[in-house]
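Asks: Residue numbers (the numbering used here), protein chains in the order written: chain A, 1 to 518; chain B, 1 to 423.
The hints are simulated quantities; they were obtained by calculation from the structure and are not laboratory data.
Cβ coordinates follow ideal geometry from the N, Cα and C atoms, glycine included.
A portion of the hints provided could be inaccurate.
Some chain B residues close to chain A (C-beta under 8 Å, calculated; not the full set) [to be verified]:
| no. | residue |
| --- | --- |
| 1 | PRO58 |
| 2 | VAL62 |
| 3 | GLN211 |
| 4 | ALA212 |
| 5 | ALA217 |
| 6 | THR219 |
| 7 | THR221 |
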Amino acid sequence: MKFCNVASVWFLTCVLADAPLARAGGPPSGAKVQRLDAVALARLIDDHIEKRLKVEQIPRSPRADDAEFLRRVYLDIHGVIPTVDQARAFLESTAPDRRARLIDELLGSPRYAAHFADLWHNHLYPATANQRIKPEALVRWLEHGFQTKTWDRLVHDLMTATGPQDQNGAVTYMLKGRFTLSVTEMTDLTSRCFLGVRLNCVQCHDHPCASWKQSDYWGLAAFFTQIQRLKPVVAFTTITETNVDPRKLPESGKLREPRFLGGEVLKAAPGQSLRKALADWMVSRENPFFARAMVNRMWGHFFGRGLVHPVDDMHDGNPPSHPELLEALTEQFKANGFDLKYLCRAICQSETYQRTSKPLAGNAKDDKLFSRMLIKVLTPEQLFDSLVVATGQAGNRGPSGKPINNPRAEFVNSFRGEGDSDPTSYNRGIPQALRLMNSGQFLGPRSEAFVTKQIVPPGTAPEQAVERLYLRVLSRRPSADESKLLLKYFAQPGAERQQLYAEIVWALLNSSEFSLNH
Amino acid sequence: MQRRDFMKASGLSLGAASLSGWLPTLAARAGGGARRKSCIVLWMTGGPSHLDTFDLKPDARVEVRGEFRPIATSVPGIQISEHFPRFARLLQHGAILRGMCTQEADHQLASYHLHTGYQNRAGGLAFPALGSIASQELGRREFPLPSYAVIGPGPHDGTRAGFLGARHQPLFIQEPTRGVDNLAASVDAQRFQRQFQLLGELERSFYRAYQAPASQAHTTTLESAVRLMQAREVQAFELAREPGATRDRYGRTSFGQGCLLARRLIEVGVPFVEVNMGLGNDGWDTHVNNFPRTRALSAQVDTGMSALVEDLRDRGLLDQTLVVWMGEFGRSPQITTGGGRNHHARAWSTVLIGGGIRGGQVIGRTDQNAATVTERPISVVDFLATICRILGIDYTRSNLSPDGRPVRIVDNRNVTPIRELFA
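Given these sequences and hints, build the entire structure.
Replies: Encoded structure:
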């Protein structure tokens, strides 16, 4: 929700069925699922994807070369391009299992947790930064969470958080500025992020999700009625719980029993924490939404498109492209204890993930069946961090040349598009293009000196220089054609070599290839 | 200006430095004979209360009618809120549409619907905003500024080019007094041209191999940015060129100066400009404190909008410039315990001014509480088709979506443009 969103009850006519429960499928609870390791799950992914491509007679693009894989897996797991040393080490390796080793290495680094904290911060804290305060507390909390917790634990802790914001950053999830999120905002956000269900549709009367009922919405909303902010607010906001009649919904004034989505009414004992009851239900193995929603989101993160797309709109009218695969992934995610790294490892080890994004004549039109990798646009955070790696500067001067306090936050804010958009769609506009080309934030007036010092030392042969520039910015070696093009570029009359290097860096940094994750 | 001299001296022209010579060139649409029309939308983010602006109900009970009194306008028989005294004298140019009747009561969904004419279906087609359609239909290909500009802060929901692509994406100007940053290159002209040409080579070869729509959009955006760097028309962004008295007349608020910037952009040839106001806790989303907030916002609108209309009139531009005052919905008749009003989409008001319409009229009517429309309901498609007709856009035409299906500019199966405006 962008801003205060109080549902007028009389608009709630969209209806929901108990169908998602039936539809969620999978083996009936209690059935034994054979646990697969990451490698086996990767094979399973490939089998399902390939079976479908065969049926549809769509050819698959070949395996990506090492450089394409390297940059992609760094951006997807660490949120940043590799340094020159990291790139060289991988590209020079001849170990047959070098890809699997790189995946493990990346997942073992704290950068993994930092990147996923960035991503989830944006899901949980939609682009209304101006109405929110101290969001860093949540980012730090998430970072710690991704580092140390399984998904069920992380979400359970988030949902049940209480205390002052400086001691428990998770309470930020319930805040909007110095106030708490409204009950409807909590309901929309929680169902979208953790259950993969959009419920704001119940505000309109002709949404195709014909299955949800108004009572489902308010039944879920009732779980959030105990959240309270401690007054007076001093430096940090404190979240606590009340034990007033929990069923009273402030927006509608309606009384409603808490009811699990698509499930039963909770007979709450006096003083019982409703949020804890909800969190227990969410993360249980029997929950039909929770694991499935995260598996789909993770798939969407790595492939640019969910098995159900958009990733947070799972309902009967929007079936998965590969239903059996989605169920298998869900079951394995549960069987492996909601271990996120396990899921990442399996996805990244699949041939499906390791395919090139270059289309073939026969699959250029396919953007749903994963016959090639889809090209994603770097998020503002990925772009900033990659610019820092490529140029070696933190860019702590803003577009106006004035020093800024938190350059990354300022940059991210000015590149931020609308909400959670499709990762493959390009949302930047002219102001962002002008800023990258002209602001000098990363490649300032002393760019020649920087290039000489950091990338191409004096006396480097031209062929060598081209290779160093490419490795530095694009994390790959130039093709023969590219070398030829750049050697010709060096031959321009009246230009100093160092200037030309700086111009090449400028062109590489402003290229599609740098801005995209291909 | 130093920057422009540099561009001129460099001879940097798109012809020479075009990045996307490989893109299929759209044939420029043949222009009509008469001067093309323009449109300025004053977008009230959050949904202004119709009961407290243009559809007052002085005879309703106190929990509904609120605190404001109606006042007479320049048109006998038409009354509006007392907090629009200046605009009341201009009503002969405007038509109040009191029968807006729409479906979405969620900010994002409603903003999308009102901007694009289509409801936002998850995973569905990304529909273009009316401004992007105007950019395609009214924009001139050789014109170096974007043909759709959005001024002021906001969530900007629905203001995207969607499947019309990066060429019709709006230029966002967050702060009108600041204009557009980073218009000057950080290297000299010769070097800029050289490196830009190299960038063009890189773009072509990447696209050849990967054929990604995102790459195409990136290239188009780079090109548009460089066209803007070269354009003489960027002077329009420099509000400091206006006399102080003029700037005062618009009000020294972000919205007032946004209205002034909109006029300047229209004058140099931008066909569609949107000015946003009302974001945040003091904005139009008045769930609490509706009356003090609506009073303060109305005062800003009265100043900025009236100055804009007067200015356009005095410059002879009003007949070819349509000004639209609107939000995404109205607000509930029932006043809440916090002195606020909630969202209300079934009955609300918009105002159209200039553009050659027949002014001085109220179209449509609501019941005694302004809760439902009793006469001449106006749907989203009726409304957008009407604007298209005023602007000379054939809304029955279709564009092709990326998967090749024809999509009407306005879905005209059940459309009734508001004929009263064209009489």
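Asks: Holds or violated: the hint that B/GLN211 contacts chain A, with Cβ atoms closer than 8 Å.
Replies: Interface hint status for B/GLN211: holds (6 Å vs cutoff 8 Å).
Asks: Would the hint on B/THR221 be counted as holding, given a Cβ-Cβ threshold of 8 Å to chain A?
Replies: With a closest approach of 5 Å, the B/THR221 hint holds.
Asks: Using Cβ atoms only, decide whether B/VAL62 comes closer than 8 Å to chain A, and label the hint accordingly.
Replies: B/VAL62 check fails; min Cβ-Cβ to chain A is 20 Å, beyond 8 Å.
Asks: Quick one, is the B/ALA217 hint okay against chain A at 8 Å, beta carbons?
Replies: This interface hint holds because 4 Å falls under the 8 Å limit.
Asks: Once the shortest beta carbon distance from B/PRO58 to chain A is found, is it less than 8 Å?
Replies: B/PRO58 check fails; min Cβ-Cβ to chain A is 24 Å, beyond 8 Å.
Asks: Do the numbers back the hint for B/THR219, that is, is its least Cβ distance to chain A under 8 Å?
Replies: holds (7 Å)
Asks: Going by Cβ atoms only, is B/ALA212 closer than 8 Å to chain A?
Replies: Holds, about 4 Å.
Consistency with the previously given hints fails for numbers 1, 2, ordered from lowest to highest.
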